[in-house]
Amino acid sequence: MKTLLLNLLLTIAWMALTGQFLLSNFIVGFAVAYLILWLAQVEADPSGYFARVPKMIALLTFFLWELIKANLKVAYDVLSPKWHMRPGVVAIPLELTSDLEITLLANLITLTPGTLSLDVSTDRKVLYVHSMYIDDVNEFQRQIKDGFERRIREVFQ
Amino acid sequence: MQEAVSAILLIIGSAFMFIAGLGIVRMPDLFMRMSCATKASTLGVGFILLALAVHFGQFGVSSRATATIIFVVVTAPVAAHMIGRSAYIVQVPLWKNSIIDHLCDRYDRCKLELGSYAHERTDDPGGD
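Those protein sequence lines, which keep their order, are chains A and B. Position 112 of the first sequence, counted from 1, bears residue number 112 in the numbering used here, the numbering being contiguous throughout. Position 18 of the second sequence, counted from 1, bears residue number 1018 in the numbering used here, the numbering being contiguous throughout.
No lab work stands behind these hints: they were computed from the structure. Computed from a predicted structure; not experimentally measured. Idealized CB from N, CA, C, for every residue including glycine.
Short, incomplete list of chain B residues facing chain A, as computed with Cβ under 7 Å: (1) I1019; (2) R1026; (3) F1031; (4) F1059; (5) H1081; (6) W1095.
Derived lysine-lysine pairs resembling BS3-like cross-links, with alpha carbons at most 30 Å apart: (7) K69/A <-> K82/A; (8) K125/A <-> K55/A; (9) K73/A <-> K55/A; (10) K69/A <-> K55/A; (11) K1096/B <-> K82/A; (12) K55/A <-> K2/A; (13) K125/A <-> K69/A; (14) K73/A <-> K145/A; (15) K1096/B <-> K73/A; (16) K145/A <-> K1096/B; (17) K145/A <-> K55/A; (18) K125/A <-> K1096/B; (19) K69/A <-> K145/A; (20) K1096/B <-> K69/A; (21) K145/A <-> K125/A.
Based on the sequences and whatever the hints tell you, model everything.
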């Protein structure tokens, strides 16, 4: 957390010195600051920050890819006269424990078109998801667990 | 160049909005309508705001566009989730061709407690 703050401060310094407050310059500045902090660390990665940033980027790109894929699938179904949907509500057993992680998982699932998280069980062991495309229940559970859940766990572990 | 990029982004955004609107009319039940409406419109708003940022190319405009995209992405799924959950609780029917419903008998409708497995609730009525 402290390293992230340092990274952001260095990025702001970079943006102020180059005088371009643009998203592209933010990304360049963040990369430079990340590299500098990585070079300047005294002991090897005590907070796990440097391992975590690539995992966050991996989660983000995976999410964007899923978003585009699912959007095209739903768009095809909305536009074609014949429906190919096999909707249903599926229970997904959770391995994530903290509120933040479960909220993130539920929100990412809801943001992906075709899936909608309905509720979490009171003991927080199961997430109930409504999905438009369930070819096979076990396969669908495995997809969520292996895709979003594993990547979120890697970021927060 | 800038003009062309923002035009393409605008067209993609509008297409998503159109599909979202059509989805609301065409989908057979509430849950699938929610799926179409929130997501496609999130992406639609995102693309249109991106087009705006590209078109003006100023810090003030693009920072506001970015902030709006972030707020929409953070708040839209919460609203969708709450609407979906309350619809399920008041027993809005699923589409007749739905293949599976794991949630079916797991709600305690008075206390609104939700068990993780259907049989566990009868063993331990209070939840945790």
